[in-house]
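Using the sequences and the hints, build the whole thing.
As you go down the protein sequences, you meet chains A and B in turn. Residue numbering for the first sequence follows my numbering, starting at 2 and increasing by one per position. Residue numbering for the second sequence follows my numbering, starting at 2 and increasing by one per position.
Just so you know, not all the hints are guaranteed correct.
No distinction is drawn between identical chains; accordingly, a pair holds when it is met within one copy or between any pair of copies.
[Said to hold, decoys possible] No more than 25 angstroms apart at the CA atoms, straight line, and that leaves these computed lysine-lysine pairs for BS3-like:
id, residue 1, residue 2
1, 96, 106
2, 56, 301
3, 248, 332
4, 216, 139
5, 315, 56
6, 336, 248
7, 259, 299
Hints were generated in silico from the structure; no laboratory data involved.
There are 2 protein chains.
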Amino acid sequence: MALILSDTPAAVAATFTTNQVRAATVRLDAARLAAFGTAHGIVVNSGQANACTGKAGAADAAEEARAAADAVGCAEEMMWVASTGRIGVRLEMDKIRAGIAALAKALSPDGGEDAAAAILTTDTRPKRRTATWKAGGKTCRLTGIAKGSGMIAPNMATMLAFLVTDAAIDRRAMQKALRQAVAGSFNCISVDGDTSTNDTVMLLANGRAGNPVLKPGSDGWEGFAAALGAVAGALAEDMARDGEGAKKLVRLRVTGAKSAADAKEAVRSVGESFLVKTSWVGTYPNWGRIMDAIGYSKAKVDETRVSIAYDGIKAVEGGIATGVKQNRLEKVLAKSEFAIDIDLGLGRGEAYLLACDCTEEYVGINKV
Amino acid sequence: MALILSDTPAAVAATFTTNQVRAATVRLDAARLAAFGTAHGIVVNSGQANACTGKAGAADAAEEARAAADAVGCAEEMMWVASTGRIGVRLEMDKIRAGIAALAKALSPDGGEDAAAAILTTDTRPKRRTATWKAGGKTCRLTGIAKGSGMIAPNMATMLAFLVTDAAIDRRAMQKALRQAVAGSFNCISVDGDTSTNDTVMLLANGRAGNPVLKPGSDGWEGFAAALGAVAGALAEDMARDGEGAKKLVRLRVTGAKSAADAKEAVRSVGESFLVKTSWVGTYPNWGRIMDAIGYSKAKVDETRVSIAYDGIKAVEGGIATGVKQNRLEKVLAKSEFAIDIDLGLGRGEAYLLACDCTEEYVGINKV
Numbered sequence: 002m003a004l005i006l007s008d009t010p011a012a013v014a015a016t017f018t019t020n021q022v023r024a025a026t027v028r029l030d031a032a033r034l035a036a037f038g039t040a041h042g043i044v045v046n047s048g049q050a051n052a053c054t055g056k057a058g059a060a061d062a063a064e065e066a067r068a069a070a071d072a073v074g075c076a077e078e079m080m081w082v083a084s085t086g087r088i089g090v091r092l093e094m095d096k097i098r099a100g101i102a103a104l105a106k107a108l109s110p111d112g113g114e115d116a117a118a119a120i121l122t123t124d125t126r127p128k129r130r131t132a133t134w135k136a137g138g139k140t141c142r143l144t145g146i147a148k149g150s151g152m153i154a155p156n157m158a159t160m161l162a163f164l165v166t167d168a169a170i171d172r173r174a175m176q177k178a179l180r181q182a183v184a185g186s187f188n189c190i191s192v193d194g195d196t197s198t199n200d201t202v203m204l205l206a207n208g209r210a211g212n213p214v215l216k217p218g219s220d221g222w223e224g225f226a227a228a229l230g231a232v233a234g235a236l237a238e239d240m241a242r243d244g245e246g247a248k249k250l251v252r253l254r255v256t257g258a259k260s261a262a263d264a265k266e267a268v269r270s271v272g273e274s275f276l277v278k279t280s281w282v283g284t285y286p287n288w289g290r291i292m293d294a295i296g297y298s299k300a301k302v303d304e305t306r307v308s309i310a311y312d313g314i315k316a317v318e319g320g321i322a323t324g325v326k327q328n329r330l331e332k333v334l335a336k337s338e339f340a341i342d343i344d345l346g347l348g349r350g351e352a353y354l355l356a357c358d359c360t361e362e363y364v365g366i367n368k369v
Numbered sequence: 002m003a004l005i006l007s008d009t010p011a012a013v014a015a016t017f018t019t020n021q022v023r024a025a026t027v028r029l030d031a032a033r034l035a036a037f038g039t040a041h042g043i044v045v046n047s048g049q050a051n052a053c054t055g056k057a058g059a060a061d062a063a064e065e066a067r068a069a070a071d072a073v074g075c076a077e078e079m080m081w082v083a084s085t086g087r088i089g090v091r092l093e094m095d096k097i098r099a100g101i102a103a104l105a106k107a108l109s110p111d112g113g114e115d116a117a118a119a120i121l122t123t124d125t126r127p128k129r130r131t132a133t134w135k136a137g138g139k140t141c142r143l144t145g146i147a148k149g150s151g152m153i154a155p156n157m158a159t160m161l162a163f164l165v166t167d168a169a170i171d172r173r174a175m176q177k178a179l180r181q182a183v184a185g186s187f188n189c190i191s192v193d194g195d196t197s198t199n200d201t202v203m204l205l206a207n208g209r210a211g212n213p214v215l216k217p218g219s220d221g222w223e224g225f226a227a228a229l230g231a232v233a234g235a236l237a238e239d240m241a242r243d244g245e246g247a248k249k250l251v252r253l254r255v256t257g258a259k260s261a262a263d264a265k266e267a268v269r270s271v272g273e274s275f276l277v278k279t280s281w282v283g284t285y286p287n288w289g290r291i292m293d294a295i296g297y298s299k300a301k302v303d304e305t306r307v308s309i310a311y312d313g314i315k316a317v318e319g320g321i322a323t324g325v326k327q328n329r330l331e332k333v334l335a336k337s338e339f340a341i342d343i344d345l346g347l348g349r350g351e352a353y354l355l356a357c358d359c360t361e362e363y364v365g366i367n368k369v
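Next comes the structure, spelled out in structure tokens:
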């Protein structure tokens with residue numbers, strides 16, 4: 002468990018899973034965001050997702066928030082909640098209450114690393130990133146922690162990310178900026194194509210830096226947007242790199258699609274094809290499976306116009322092999338990070354996806 | 002390689018992959034189907050898919066057909082072709098020519114078992130099924146052979162199926178009947194969600210049984226439709242059971258969807274979720290992952306109306322756990338075949354999918 006606390010009430014921006022099945026915690030937070038959008042803190046547990054737990058689960062989530070609010074002395078509705086773990090299992094409320102009591106005693110301004118570790122499930126390492134910028138003569142700081150690492154697909158993931166900043170920021174502008182940052186970071190990851198019931202990204206801004214309230218156009222807004230983009234982007238890469246069982250991070254880009262929507266369909270079809278993802282496990286430059294995956298995607302494809310490059314080395318041109326030596330491609334696939342660029346040759350649509358390989362370990366992790 | 006030959010010209014019905022990237026052989030056969038729709042034979046090779054091979058690949062496919070036609074003494078355009086194997090690799094024409102010569106010498110009325118074995122790739126066993134029926138006082142027979150076993154998804158698969166019958170059947174009616182049979186069989190399989198470039202189902206009817214030409218309403222039409230459905234259905238089950246690395250066959254059914262289209266979206270989302278498929282590897286009745294998968298599908302879902310049963314044992318009712326003992330569900334999941342019924346509780350839409358588990362062996366097979 003983790004307890005994230007702001008000294009003073011903080012403005013909140015948040016985005017949640019697009020899954021129609023939503024955890025009790027997500028429903029509670031979404032209601033709070035719609036109603037007032039400020040928070041003193043967030044209490045997070047890992048182990049049970051508190052999804053598919055019905056009315057009892059909703060009561061548990063409210064009780065978790067109430068207990069944490071009581072422990073730190075804030076109003077109940079100023080405490081937000083997030084859960085991750087098994088779906089369909091009730092929270093173990095005795096443990097939750099004991100955990101909250103312990104956390105409230107251990108609160109520390111240097112607790113970020115501990116919090117980053119506390120929210121993990123099958124992740125192999127904590128994920129924490131920081132950026133600073135200047136606003137109205139003041140130095141502002143933004144720090145984020147996140148967890149992955151399976152059930153991850155575009156439109157969020159089994160992922161939680163909590164971003165906090167001491168800057169003062171206009172709440173509406175901040176919500177818009179967060180949506181934009183999420184679109185370019187967390188929504189560009191795919192581990193296994195499954196979108197979870199619990200995905201949550203929250204950004205708390207408490208204004209302790211003393212800067213004038215930021216909104217588009219004000220001094221420091223661009224710095225904030227850049228810091229937000231950098232922290233979200235870095236956390237998203239950390240997540241993809243730490244995908245369940247993953248050994249390789251692959252930067253997939255589709256260009257030349259008829260439209261941006263087509264590019265998204267094509268890049269997702271490739272990045273979520275298990276035949277493509279398993280071919281990355283070895284050093285097997287099987288571009289035929291990429292051709293296959295774009296061909297059955299909803300994107301318009303004319304195979305005679307497709308080209309495919311591995312780290313800039315063209316393997317396919319006009320839909321057929323360029324004749325490049327297999328061992329040059331194998332060297333690329335042997336790396337722990339590489340890029341695949343797919344040009345559909347039909348228009349100007351572009352899309353990007355951070356993907357990872359699908360290993361035997363992924364199956365091993367998820368079969369139990 | 003296999004060579005399937007009819008003594009006399011046979012009427013052909015066929016369905017092909019919906020992938021926009023189509024093998025040279027598929028394009029050749031589709032043109033023949035559109036132009037005249039009769040065949041003396043089919044020559045099949047496994048090893049190279051002859052997809053993404055450009056104009057050279059198209060010439061190779063035509064040459065393969067010509068060589069086979071010459072070897073058996075029929076007109077070139079009466080010989081159809083099918084390929085399966087690696088995408089992007091040219092046919093090894095020397096081997097193809099030598100293979101055709103050897104096959105033409107070895108032709109036998111009892112060669113069905115050999116042909117069923119010859120067309121396999123990563124399949125572990127041949128697939129062959131037969132049915133008979135009466136038409137106008139004559140006994141008719143229908144036999145099919147097929148191959149799976151990876152890159153398999155609804156709307157066909159890396160799958161080839163060749164069905165032959167000695168019945169006389171009206172060609173247009175036969176094409177319609179084949180489409181219907183494929184929709185209820187081969188299009189209900191999913192091994193890994195990948196639709197291949199080479200999928201082909203062909204039905205040849207040469208009329209040697211001597212029955213009056215069958216069409217809807219004639220004596221024996223119902224028998225034919227039933228035989229076709231039975232053979233196609235059995236071959237489809239054989240394929241799902243022999244999915245790459247698969248140990249378990251799972252009959253997924255979604256009922257109560259708002260529409261048939263919604264039911265299809267939901268059943269496919271569940272059957273293609275790697276988190277669901279890996280949970281079947283163990284004996285892990287993780288219905289939470291099923292809730293998650295229907296929730297992110299395009300089907301309308303109200304989680305409070307969902308129920309899920311494993312071989313008739315209700316695990317979920319109204320979106321939450323029924324409290325049934327975990328070990329009762331584990332017993333179902335330990336079986337090599339079981340059914341999962343998902344009722345969305347919203348309407349009358351239904352859909353069915355034959356799925357299999359995703360094992361470490363699947364990854365092992367496809368990473369090289």
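Homomeric proximity label, residue 315 with residue 56: Cα distance no greater than 25 angstroms: between (56 angstroms within a copy, 20 angstroms between copies)
Check residue 56 against residue 301 for me: Cα-Cα at most 25 angstroms, and say if that holds within a copy, between copies, both or neither. Between. Shortest inter-copy distance 21 angstroms satisfies the 25 angstroms Cα cut-off; intra-copy 45 angstroms does not.
Since the copies are identical, ignore which copy is meant and state whether residue 216 and residue 139 lie within 25 angstroms (CA to CA) inside a copy, between copies, both or neither. For residue 216 and residue 139, only the intra-copy Cα distance (15 angstroms) is at most 25 angstroms; the inter-copy one is 84 angstroms.
For the identical chains here, do residue 248 and residue 332 meet the 25 angstroms Cα criterion within one copy, between copies, both, or neither? Within one copy only: 15 angstroms inside, 34 angstroms across.
Using 25 angstroms as the alpha-carbon threshold, which applies to residue 96 and residue 106: within, between, both, or neither? within (16 angstroms within a copy, 76 angstroms between copies)
Homo-oligomer pair classification [residue 248, residue 336; C-alpha up to 25 angstroms]: Classified as within; 10 angstroms inside a copy, 33 angstroms across copies.
Status of residue 299 relative to residue 259 across identical chains (alpha carbons, at most 25 angstroms): The answer is both: 11 angstroms in one copy and 23 angstroms across copies each meet 25 angstroms.
Going down the numbered hints, you'll see the structure goes against none, and every one checks out.
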